[in-house]
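Dock chain W against the given chain G, drawing on the hints supplied.
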Amino acid sequence: MSGHLVDLFGGSNAIAVFLITIINFILRGIGSLPLFGFLNPLADWLGTEPVVTSIAWLIAITIMITWAAALHLLTFIWLERKLVARLQDRRGPMITLRKDRYIGGTGYLQQIADALKLIQKENITPKAADPWMFHIAPAFLISTTIVVLVALPFSEGFVVANVPAGLLFILAAFSLAPLAILLAGWAQNNKYAMIGGMRAAAMMMSYEIPMILAVIAVVVLAGSLNPIEIVNQQSQLSILAPLAAIGIANWYIIPQFLGFFIFLLAMLAEQERIPFDFPEAEEEVVHGWLVEYGGMRFGMVYGFKWLRTFVAAALVALLFLGGWHGPVLPQEIWFILKIYFVFFIFIWISWSVPRIRIDQILNIGWRKLIPLGLFNIFLAVLVVHANAQGWI
Amino acid sequence: MVLEAYYPVAIFVLIAISFPFMTYLATRLLREDNPTPLKQTTYECGEVPEGEANVQFNFQYYLFAIMFIVFDVAAIFIILFALIYRDFLALDSLAMTMMAFFILIMTAATLYSLKKEEVYTV
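Just so you know, the sequences run in chain order G and W.
Numbering of the first sequence is given in my numbering, commencing with residue 1 and proceeding in unit increments.
Numbering of the second sequence is given in my numbering, commencing with residue 1 and proceeding in unit increments.
Some hints could be false.
To be verified - No farther apart than 20 Å at their CA atoms in a straight line, the calculated lysine to aspartate or glutamate pairs in the DMTMM-like style are these:
1. K127/G x E50/W
2. K39/W x E52/W
3. K121/G x E32/W
4. K121/G x D33/W
5. K115/W x D359/G
6. K117/G x E32/W
7. K368/G x D72/W
8. K39/W x D130/G
9. K116/W x D359/G
10. K82/G x D114/G
11. K39/W x E122/G
12. K39/W x E50/W
13. K127/G x E32/W
14. K127/G x D33/W
15. K117/G x D33/W
16. K127/G x E52/W
17. K127/G x E44/W
18. K127/G x E47/W
I should point out that these hints are in silico values taken from the structure, not numbers from a laboratory.
These numbers come from a predicted model, not from an experiment.
Okay, chain W solo, but in the shape it has when bound:
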């Protein structure tokens, strides 16, 4: 069965998750613990910290984030296509043409949106 190959992966994931927490436990036994208000202030290069950092701010790479999601989903399709690409060689080329068309459209769309996003070109 296919799933049996993933049985050690499950054990490994459990061990990997427990590893940092075991280290936390080990340091808890070894370190001293003496918090003072001055230690617990936010670090701002020695100045008295001003204001909150968790504020709404202008995320200037927003368009890139949207394009990234599109590409990331498309990458999964292309990986699956690439995996069986050699099997397509024996068949007719309809699937290949369609994938080439798809990549072409994606490239054109990317180039177009990059052309529109001229905010911080150097």
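Only chain G is shown next, with the shape it has when bound in the complex:
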């Protein structure tokens, strides 16, 4: 098994120590002058251990947000636009900086152009809306999405906080979004937004339980709620030894294919992707709960949908595709490759199928996926028993 490239906290600590050493050097240099002696205690305080650790955490958090919410968010939006265009026999965005080459550019700058445009747009608050709720709802949605990144590991070392109940924390923060959507839908005092918010709530009721059931089956197999531990279990559990011998290891997709399927559907619904996008269906309720938002409020909510996609793809890779385990390449690269693979599946599904109706998702969720999920837990229990008895 290959090692990991990044040790996030160790690296951040080294950067923090380096910065503080430079600052202290300057401070003590000035402090040696007659009038500036008060700077010396400040330099001493900066050198103490809690301050260094706090600054190291801040650096680690900044790196994580830049890595996920800037780099991969932009790449995801770009990739979705290009792939959808290809699926629809178009070429997608092709904007370049060079004026003479309109055709043939990669179009990666399109997202940045959109953001620059939206950040200058006027912010319109409708007279009828409840202004406080109207402005807090998008902030709530975005905060809860960013919070997920604190416990999401990208390798054994590339994680901000390795907490014991990390998976529970991720799912808890991740599933707060329908509350924000309902809040936004109610606050706008707009009929379309209201219907969209209510649809989001009804949809949440139908996919949340199957998702939790699929996670429970994984927890039964892994015996842990720590994401890193769950991934490491997927290289150790001795089911299907022949596959382990050739290096694919024991990914939970093999004993838990049903759970993988349920979780993938639930994650598609969680992101409000096309088979399940009726909270914001353009043809039915204009743009659902996003109707009245304009400017950067719309831009943030709309853009952060891809951060949710990123987290969803990461969760699928983490729980069922063996996380960062794979031969030869470093852990981070394997994990990113798997995330992009799952994202590719998401795009392909969501642009190939029509939207389902609101009553259909309730039927699918409650009448099909929940019995399947309960059955899936029994399968997981059987696997654990067989493993304990040494049958497999």
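Quick look at chain W alone, frame taken from chain G:
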């Protein structure tokens, strides 16, 4: 100590909450602000808006909402059970039997209430 592992989580939550408000501040500096009564009307596809949207209405998924709450609370118990399931293997199977019984009752109750809720089957 266990809580020390959650120390960065607290910092992260604070930063995550401040992030959208910082963006709001940034747009406030960059955008223009010229509200007119016509802009501030509720959007109803170009028509003059009629009536309020915040009214009491018939929430037809009420039974599902109640069932959802029951399931959501039960899911927490099952997660805790699943977490220590491997430790039960060495012990006697009383706990496992009880949990299997519990899930069985829950499944039966769900199926029964779904059978009663035939309002919008397709």
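Against the structure, the hints come out as follows:
Restraint check: the Cα-Cα separation between K127/G and E50/W comes to about 14 Å, which is no more than 20 Å; the hinted pair holds. About 18 Å separates the Cα atoms of K39/W and E52/W, which keeps this hinted pair within 20 Å; it holds. Pair hint K121/G plus E32/W holds up; C-alpha atoms about 7 Å apart against a cutoff of 20 Å. As the CA atoms of K121/G and D33/W are separated by approximately 9 Å, the hinted pair is consistent with the 20 Å bound.
Between K115/W and D359/G the alpha-carbon distance is near 15 Å, which keeps this suggested pair within the 20 Å criterion. In summary, the hint linking K117/G to E32/W is supported, as the alpha carbons are separated by about 12 Å, within the 20 Å threshold. Restraint check for K368/G and D72/W: satisfied, since their Cα atoms lie roughly 18 Å apart, inside the 20 Å limit. With a C-alpha separation of about 16 Å, the suggested pairing of K39/W with D130/G holds against the 20 Å cut-off.
This hinted pair checks out: K116/W and D359/G have alpha carbons roughly 16 Å apart, not beyond 20 Å. Of the pairs offered as hints, the one joining K82/G and D114/G holds, with about 15 Å between alpha carbons and a cut-off of 20 Å not exceeded. For the proposed pair K39/W and E122/G, the alpha carbon gap of about 11 Å is at most 20 Å, so the pair holds. Restraint check: the Cα-Cα separation between K39/W and E50/W comes to about 16 Å, which is no more than 20 Å; the hinted pair holds.
Proximity of K127/G to E32/W is assessed by CA-CA distance (about 18 Å); at most 20 Å being required, the pair is judged to hold. Using a Cα cut-off of 20 Å, the hinted pair K127/G and D33/W holds, with the two alpha carbons roughly 15 Å apart. Of the pairs offered as hints, the one joining K117/G and D33/W holds, with about 15 Å between alpha carbons and a cut-off of 20 Å not exceeded. A C-alpha spacing of about 12 Å is found between K127/G and E52/W, which places the hinted pair at or below 20 Å, so the restraint holds.
At most 20 Å may separate the alpha-carbon atoms for a hinted pair to count; K127/G and E44/W meet this at roughly 14 Å. Taking the CA atoms of K127/G and E47/W, the gap is near 16 Å; set against the 20 Å cutoff, the hint holds.
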